[in-house]
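Asker: Sequence:
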Amino acid sequence: MAVYAIGDIQGCYDPLRRLLDLLRFDPAADVLWLVGDLVNRGPHSVEVLRLVHGLGERAVAVLGNHDLTLLAVAAGQVKPKRKDTFHSILDAPDRDELMDWLRRCPPLHHDAELGFTLVHAGLPPQWDLALAQRCAAELAATLRGPDYQQFLAHMFGGEPRRWRDDLSGYDRLRFTVNALTRMRFCTADGALSFAEKGPPGSQGPDLLPWFAVPGRRNADLNLVFGHWASLGYYRVPGIYALDSGCVWGNRLTAIRLDEPGVPAWSVPAHNLPPALA
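Position 126 (the sequence shown) corresponds to 126 in UniProt numbering; numbering is contiguous.
Simulated from the structure, these hints should not be mistaken for laboratory data. Honestly, I wouldn't trust all of these hints.
Derived DEER-like restraints, expressed as beta-carbon distance ranges [what the hints assert, rightly or not]:
| id | residue 1 | residue 2 | range |
| --- | --- | --- | --- |
| 1 | D166 | G215 | 39 to 47 angstroms |
| 2 | L90 | P146 | 20 to 28 angstroms |
| 3 | E159 | L22 | 27 to 35 angstroms |
| 4 | H270 | G76 | 34 to 42 angstroms |
| 5 | H270 | P80 | 21 to 29 angstroms |
| 6 | R18 | P93 | 21 to 29 angstroms |
| 7 | T187 | E138 | 20 to 28 angstroms |
| 8 | A191 | D258 | 18 to 26 angstroms |
| 9 | P93 | D206 | 22 to 30 angstroms |
| 10 | D189 | L90 | 38 to 46 angstroms |
| 11 | L90 | D128 | 34 to 42 angstroms |
| 12 | A264 | P146 | 37 to 45 angstroms |
| 13 | K197 | R144 | 38 to 46 angstroms |
The structure presented is a predicted model; accordingly, all values stated were derived computationally and were not measured. Glycine included, every Cβ here is placed at the ideal spot set by N, Cα and C.
Between the sequences and the hints, there should be enough to build the whole structure, so can you do that?
Answerer: Structure (structure tokens):
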């Protein structure tokens with residue numbers, strides 16, 4: 001059995017199929033870890049959802065910010081933006097089945113035996129694994145609960161930017177969403193910043209990539225994540241960044257987690273229509 005992790009797909013179904021062929025992925029034996037953002041901006045989001053959903057327990061997909069936005073749009077809590085490409089899902093006959101499956105995807109997945117932790121964007125520097133798992137479980141329970149639509153109406157927003165142990169209610173859940181699915185840079189004391197989307201070095205002098213904050217409490221983990229296309233495929237001890245910008249016309253990347261020393265695989269976006277800027 002092989003365990004592969006794949007970066008942000010964002011509706012790029014054809015590159016995903018080519019990458020699975022390159023990996024010689026066996027759905028009867030192998031496992032896929034997916035960093036989230038299965039949907040949006042690319043041309044074939046519903047096909048991606050159907051493929052991953054159809055793999056059942058052979059696929060582990062964590063929620064990304066675009067996946068959560070889709071849930072909010074499907075629940076009627078927000079309107080889609082001009083750049084969003086949710087229409088194929090919203091008009092699909094199996095829409096309800098796919099949305100029910102998607103909101104039951106976890107925000108975080110940890111495999112102690114394998115030695116890897118999967119999230120979409122990262123972990124804030126104040127969180128160790130136990131706290132990250134607790135906050136992710138609270139978010140998962142809310143999304144799977146009967147009042148999930150009410151939460152989706154309060155999910156968006158940039159505050160609070162800094163973790164506090166006494167956060168509660170929607171503030172606590174919103175920080176969890178922003179940390180796990182939107183974070184790139186933060187201050188040295190862990191305040192999240194969302195305006196900067198460029199590569200490390202492009203940010204202001206008071207900001208650091210979240211994984212470069214001194215004293216980060218989760219530095220002992222092997223973290224697999226995506227979300228940061230301008231960072232691209234980036235691999236240093238404990239950090240495995242896999243968003244190589246397929247939807248922007250670049251590449252879709254995979255690594256093998258059960259044999260982490262082997263080189264990565266990637267396929268070009270090829271004939272994908274240019275993504276909207």
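Asker: Hint by hint, note whether the structure agrees.
Answerer: Results of checking the hints against the structure:
1. D166 / G215: 39 to 47 angstroms: violated, 21 angstroms
2. L90 / P146: 20 to 28 angstroms: Since the Cβ atoms of L90 and P146 sit about 22 angstroms apart, the hinted range of 20 to 28 angstroms holds.
3. E159 / L22: 27 to 35 angstroms: violated, 43 angstroms
4. H270 / G76: 34 to 42 angstroms: holds, 36 angstroms
5. H270 / P80: 21 to 29 angstroms: The hinted range 21 to 29 angstroms holds for H270 and P80, with Cβ atoms some 27 angstroms apart.
6. R18 / P93: 21 to 29 angstroms: holds, 27 angstroms
7. T187 / E138: 20 to 28 angstroms: Holds: the Cβ-Cβ distance is about 24 angstroms, inside 20 to 28 angstroms.
8. A191 / D258: 18 to 26 angstroms: violated, 37 angstroms
9. P93 / D206: 22 to 30 angstroms: Violated, at about 50 angstroms.
10. D189 / L90: 38 to 46 angstroms: Given about 41 angstroms between the Cβ atoms, the range holds.
11. L90 / D128: 34 to 42 angstroms: holds, 39 angstroms
12. A264 / P146: 37 to 45 angstroms: holds, 42 angstroms
13. K197 / R144: 38 to 46 angstroms: Roughly 30 angstroms apart at Cβ, these two residues miss the hinted range, so it is violated.
The structure fails to meet hints 1, 3, 8, 9 and 13 from the earlier list, while all remaining hints are met.
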